[in-house]
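**Student:** Heads up: the protein sequence lines correspond to chains A and B, in order.
Residue numbers for the first sequence follow the working numbering, beginning at 1 and rising by one.
Residue numbers for the second sequence follow the working numbering, beginning at 161 and rising by one.
Treat the hints with care, since some could be wrong.
[Said to hold, decoys possible] Cβ-Cβ distance ranges computed for the label pairs, FRET-style:
1. B:343 with A:119: 27 to 33 Å
2. A:119 with B:309: 47 to 53 Å
3. B:304 with A:104: 27 to 33 Å
4. A:93 with B:333: 58 to 64 Å
5. B:262 with A:111: 28 to 34 Å
6. B:343 with A:101: 49 to 55 Å
7. B:302 with A:101: 32 to 38 Å
8. A:104 with B:296: 50 to 56 Å
9. A:61 with B:333: 54 to 60 Å
10. A:119 with B:162: 23 to 29 Å
11. A:125 with B:204: 50 to 56 Å
12. B:344 with A:72: 23 to 29 Å
13. B:346 with A:133: 29 to 35 Å
14. A:124 with B:351: 50 to 56 Å
Because the hints were derived from the structure by calculation, they are not lab data.
Predicted model only: the values in this text are computed from it and were never measured.
Beta carbons are placed, not taken as given, at the ideal position from N, Cα and C, and that holds for glycine.
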Amino acid sequence: MRFRHLALLGILFILLSSLSGTTDKASAQSTPVDIAQNKIVQAFQIVQQADLDGASAAAVSQLASSLNLALSFEQSAIELLPTNKTGSGIYASLSLNLSTTTSVEALSVASAARTQTLLSRLGVYSLALATGLGSTLLVIELHRVKSFVRKIRLRRLRLE
Amino acid sequence: MRRRILTFVVLLASFSLIYSSVAYYALSKAPAQPFIAWGVFSSSETLSNYFSGVGMNVTAHKVLTWHFEVTNQMGSIQYVGIVYRLGNSTSKTPNATAPASDTPQIGNASRFIPSGQTASINFTWSINSENQAGGLVVLGMTVNGQQVSPPVGAAKGLKFRFFFELWTYDLAANSFLYGYEGPGSRIGNWLQIWFNAA
Chain A
1 MRFRHLALLG ILFILLSSLS GTTDKASAQS TPVDIAQNKI VQAFQIVQQA
51 DLDGASAAAV SQLASSLNLA LSFEQSAIEL LPTNKTGSGI YASLSLNLST
101 TTSVEALSVA SAARTQTLLS RLGVYSLALA TGLGSTLLVI ELHRVKSFVR
151 KIRLRRLRLE
Chain B
161 MRRRILTFVV LLASFSLIYS SVAYYALSKA PAQPFIAWGV FSSSETLSNY
211 FSGVGMNVTA HKVLTWHFEV TNQMGSIQYV GIVYRLGNST SKTPNATAPA
261 SDTPQIGNAS RFIPSGQTAS INFTWSINSE NQAGGLVVLG MTVNGQQVSP
311 PVGAAKGLKF RFFFELWTYD LAANSFLYGY EGPGSRIGNW LQIWFNAA
């Protein structure tokens, strides 16, 4: 039984080692353009999440503009790749930097949006509870309100 | 006294429930069917007259400037791609579920479009050369500044057609997928414009 466990652990270890080796090899073979492309997709994922979390249309629009600029840098990097590797690398680097900045901005926007959504929900539900309390008090103390109104009317009549 | 407290609690619970329901309704997003609308516009900003009033004929070296207008109503920002293909009268068309993968791709463009906004994507093309190959006319073209020679021919240069396919980036699949995510399934979307190489 113990041997079986050890054998399973051994197989798992070999699998994990081979997998990490493949990943290392893949990342080692990635070109700057590939890395820039992946970074754009990562940034898009964060921006979309910020959008779904309730970020304002203006903030999302600004983030989209940055992403489109990063995309145009990446396109330039792809176009230059066969003829000018240095130029291509520069554009890929510009794209990568812009995507990274956009991701950071999007994370901050998402966090602010989540807080804003939470606060506005809290505000609306608090108002609902307060209105509930007010309505309850009004119903329970209705007889006092009625008598108060009656008293005022009587006072007016006496004065007349 | 106990009865009074009980009445207060029951009333408070009831009113709170009613007002909270109203608050929930007010905070909920109105149901809406997500979609992406798009069209290809001619240089005169119309959905017609693509060849400036000379029928469907396109002469060599005439530069045609069209553009796509893509409106995102998906409820969140989308990474949209447009794939350009050149086909002829016998090419298999794309449909609601599959792109025209057998028809050669001659280019593509992509753009991030925030929800509720429309993006304009340029499509500039011209015919550089018309070559005879096996009784068919094969075109050498420039599409958005890139020279392409798609392996598609048409008898006498008649009835070529562009297929324009709408793709969107799917984060789960980590790649562009044909169409956009509709309610329940993906919805394929494509356009085509016929022309003759005259």
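**Student:** Please go over all the hints and tell whether each is borne out by the structure.
**Tutor:** Now for the hints, and whether the structure bears them out:
1. B:343 with A:119: 27 to 33 Å: Holds: the Cβ-Cβ distance is about 31 Å, inside 27 to 33 Å.
2. A:119 with B:309: 47 to 53 Å: 59 Å, violated
3. B:304 with A:104: 27 to 33 Å: 32 Å, holds
4. A:93 with B:333: 58 to 64 Å: 28 Å, violated
5. B:262 with A:111: 28 to 34 Å: 47 Å, violated
6. B:343 with A:101: 49 to 55 Å: At roughly 35 Å between Cβ atoms, residue 101 of chain A and residue 343 of chain B fall outside 49 to 55 Å, so the hint is violated.
7. B:302 with A:101: 32 to 38 Å: 35 Å, holds
8. A:104 with B:296: 50 to 56 Å: 54 Å, holds
9. A:61 with B:333: 54 to 60 Å: At 26 Å between Cβs, range violated.
10. A:119 with B:162: 23 to 29 Å: 38 Å, violated
11. A:125 with B:204: 50 to 56 Å: 54 Å, holds
12. B:344 with A:72: 23 to 29 Å: 35 Å, violated
13. B:346 with A:133: 29 to 35 Å: Violated, since residue 346 of chain B and residue 133 of chain A (Cβ atoms, about 49 Å apart) do not stay within the stated range.
14. A:124 with B:351: 50 to 56 Å: 44 Å, violated
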